[in-house]
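Number of protein chains: 2
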Amino acid sequence: MSRLLTIAAAQMGPVARAETRKQVVERLLAMLHEAADRGAELVVFPELALTTFFPRWDLPDAELLGFFEREMPSAETAPLFDAAERLGVGFHLGYAELTPDGHRYNTAMLVERDGSIVAKYRKVHLPGHEEPEPWRPFQHLERRYFEPGPETFRARRAFGGVVGVAICNDRRWPETYRVLGLQGVELVCIGYNTPIHYAPDPGQDRLAAFHNNLVMASGAYENATWVVGVAKGGLEEGVEGLCDSQIIAPSGEVVARAVTEGDEVVVAQCDLDLCNDYKRTVFDFDRYRRPEMYTAITAQRGIREPAVDDGNGDDEPGALDA
Amino acid sequence: MSRLLTIAAAQMGPVARAETRKQVVERLLAMLHEAADRGAELVVFPELALTTFFPRWDLPDAELLGFFEREMPSAETAPLFDAAERLGVGFHLGYAELTPDGHRYNTAMLVERDGSIVAKYRKVHLPGHEEPEPWRPFQHLERRYFEPGPETFRARRAFGGVVGVAICNDRRWPETYRVLGLQGVELVCIGYNTPIHYAPDPGQDRLAAFHNNLVMASGAYENATWVVGVAKGGLEEGVEGLCDSQIIAPSGEVVARAVTEGDEVVVAQCDLDLCNDYKRTVFDFDRYRRPEMYTAITAQRGIREPAVDDGNGDDEPGALDA
Numbered sequence: 001m002s003r004l005l006t007i008a009a010a011q012m013g014p015v016a017r018a019e020t021r022k023q024v025v026e027r028l029l030a031m032l033h034e035a036a037d038r039g040a041e042l043v044v045f046p047e048l049a050l051t052t053f054f055p056r057w058d059l060p061d062a063e064l065l066g067f068f069e070r071e072m073p074s075a076e077t078a079p080l081f082d083a084a085e086r087l088g089v090g091f092h093l094g095y096a097e098l099t100p101d102g103h104r105y106n107t108a109m110l111v112e113r114d115g116s117i118v119a120k121y122r123k124v125h126l127p128g129h130e131e132p133e134p135w136r137p138f139q140h141l142e143r144r145y146f147e148p149g150p151e152t153f154r155a156r157r158a159f160g161g162v163v164g165v166a167i168c169n170d171r172r173w174p175e176t177y178r179v180l181g182l183q184g185v186e187l188v189c190i191g192y193n194t195p196i197h198y199a200p201d202p203g204q205d206r207l208a209a210f211h212n213n214l215v216m217a218s219g220a221y222e223n224a225t226w227v228v229g230v231a232k233g234g235l236e237e238g239v240e241g242l243c244d245s246q247i248i249a250p251s252g253e254v255v256a257r258a259v260t261e262g263d264e265v266v267v268a269q270c271d272l273d274l275c276n277d278y279k280r281t282v283f284d285f286d287r288y289r290r291p292e293m294y295t296a297i298t299a300q301r302g303i304r305e306p307a308v309d310d311g312n313g314d315d316e317p318g319a320l321d322a
Numbered sequence: 001m002s003r004l005l006t007i008a009a010a011q012m013g014p015v016a017r018a019e020t021r022k023q024v025v026e027r028l029l030a031m032l033h034e035a036a037d038r039g040a041e042l043v044v045f046p047e048l049a050l051t052t053f054f055p056r057w058d059l060p061d062a063e064l065l066g067f068f069e070r071e072m073p074s075a076e077t078a079p080l081f082d083a084a085e086r087l088g089v090g091f092h093l094g095y096a097e098l099t100p101d102g103h104r105y106n107t108a109m110l111v112e113r114d115g116s117i118v119a120k121y122r123k124v125h126l127p128g129h130e131e132p133e134p135w136r137p138f139q140h141l142e143r144r145y146f147e148p149g150p151e152t153f154r155a156r157r158a159f160g161g162v163v164g165v166a167i168c169n170d171r172r173w174p175e176t177y178r179v180l181g182l183q184g185v186e187l188v189c190i191g192y193n194t195p196i197h198y199a200p201d202p203g204q205d206r207l208a209a210f211h212n213n214l215v216m217a218s219g220a221y222e223n224a225t226w227v228v229g230v231a232k233g234g235l236e237e238g239v240e241g242l243c244d245s246q247i248i249a250p251s252g253e254v255v256a257r258a259v260t261e262g263d264e265v266v267v268a269q270c271d272l273d274l275c276n277d278y279k280r281t282v283f284d285f286d287r288y289r290r291p292e293m294y295t296a297i298t299a300q301r302g303i304r305e306p307a308v309d310d311g312n313g314d315d316e317p318g319a320l321d322a
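These protein sequence lines map, in sequence, to chains A and B. Numbering-wise, the working numbering puts 154 at position 154 of the first sequence, and it's gapless, one number per residue. Numbering-wise, the working numbering puts 273 at position 273 of the second sequence, and it's gapless, one number per residue.
It is worth saying that the hints were derived from the structure and are not from the lab. None of these values were measured; they are calculated from a predicted model. Do not take every clue at face value.
One copy or two, either will do: identical chains are not told apart, so a pair holds if it fits within one copy or between any two.
Stated by the list, open to error - Within a straight-line C-alpha distance of at most 20 Å, the following computed EDC-like cross-link-like pairs (lysine to aspartate or glutamate) qualify: (1) 22 <-> 69; (2) 120 <-> 253; (3) 120 <-> 101; (4) 279 <-> 19; (5) 279 <-> 253; (6) 22 <-> 244; (7) 279 <-> 305; (8) 22 <-> 71; (9) 279 <-> 240.
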């Protein structure tokens, strides 16, 4: 049996600070058309795709709010929805969302092939810092500019399968994929903007691409789902962003990968039924999981280290019971 | 700062059905001595290291029980404890445990450099099947022969750090590493016996080594811990077992790897303080985790799929709220 969905990962090169929404949407439309020509039914665009990655600056409110969308579709983004409906191609798009009551989220939406929004997700795991830190070569003020998403990861029936959305830093947390996996997810769309330089520990820089693949491939395999990870990368306003967009099978294997640092469409024909090879065997959750053993995962946030042994042998009662 | 611990992964080639405990312990002692000569302070032996991997057969009770240990140390294993104390080298060893009151577990113990048992862990995630399935070329009757471990993963202070133990199939479940990670684990010892042929879906066979590394490397990185994965592998009683033992840094990088299908010692000098590079930055759990979003992980065991949309638009209330 097979349930084929042709997916495009539409990687974006840099977006300049001065670039307008109109200019960006034209780039997105060009990729949407190319993807449609190549048979894609779903085009996955990156996180915060409509503007430069503005959390790198400490911005005055007036300029900051200019990077947010007040409605969706908007005048500037309507052409994307129109093209989607006309071409019969759905899309995933990340953007900065300002709600009517003034909340700010790092959001991604899923638009079906008829141009209707079928899912909206607000980033759960916000990386970076709350206050400007002048010692950094550039800021990462997501925790200042966005509220954490108030709802957990939610899979939906769309594109003939069960589809979930996560954003950037979410992909480093195995809980992200597991919460979706427990809903039977078959495809997770993940947009990202990942500066290669990580100021708190530059020793991690050389591993940016390795870690990017490692977390998405393991999330795919361990939850028997396709994962599409799509970058906005390249040299944007002086900051080098990771590219390396990829489409990953439920086996954890990369089946398509971007090889440039610019706008680039990669396409793969994805059989959603491949998920069943794993969901029904090694990762048959109902048969093999043991949630009663996992209570710490939801009962605590940070680390609780084991007690220091005082040498009297009784500080860990029962530890060695036969 | 650095906190160095020299660790040996002591991979085992096949153990024949007829091989005696005495013969096996002699092989283990040879590797313990070699590891000590090469500076190791901890030697990690595989899962069920003292016998052949007997769950591959449907066995009568009398023969089955012959593969279990009734006490530890026993007459046959005492030389390992004696050598550990004499050499000042600790070890990790997996074995089939029969308790005085008749419980059977797939167990691993951690023995400190003074020869004392400091931790005993009983396998939480039992793979395979409960009843003999004659259609298989060989059985995998762990779920028949062992009870699931009654306690969750527990990290201990040992070897100058915080050490946890998991066994074989546990390594495919991200919850394993996370429960230990939430205890600040710095080293996870994992022994395994992994047949390369997976009868329920032979399409996975070609990926056995890839998956083995993928789950351990992601578990290491996502929890900022060293992971030592050690196989009993090679061609054992007609069944090809995965080898590819490896020592993995908190970065997810393999720093030492076995390259044979036999008894082989690989050694790495592991700096436990490297864990802090990640625990204090990108994986600062207390700062970045959001356990209130993970409730499904402990609230349910199997998959609960999203409802099928009935087209009236109200089956997912609030889904698209602004």
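Results for each hint:
no.: 1; hint: 22 <-> 69; in the structure: within (13 Å within a copy, 72 Å between copies)
no.: 2; hint: 120 <-> 253; in the structure: neither (28 Å within a copy, 36 Å between copies)
no.: 3; hint: 120 <-> 101; in the structure: within (17 Å within a copy, 55 Å between copies)
no.: 4; hint: 279 <-> 19; in the structure: neither (44 Å within a copy, 37 Å between copies)
no.: 5; hint: 279 <-> 253; in the structure: within (16 Å within a copy, 28 Å between copies)
no.: 6; hint: 22 <-> 244; in the structure: neither (26 Å within a copy, 53 Å between copies)
no.: 7; hint: 279 <-> 305; in the structure: between (34 Å within a copy, 13 Å between copies)
no.: 8; hint: 22 <-> 71; in the structure: within (15 Å within a copy, 74 Å between copies)
no.: 9; hint: 279 <-> 240; in the structure: neither (38 Å within a copy, 24 Å between copies)
Taken one by one, the earlier hints fail for this structure at numbers 2, 4, 6 and 9, listed in ascending order.
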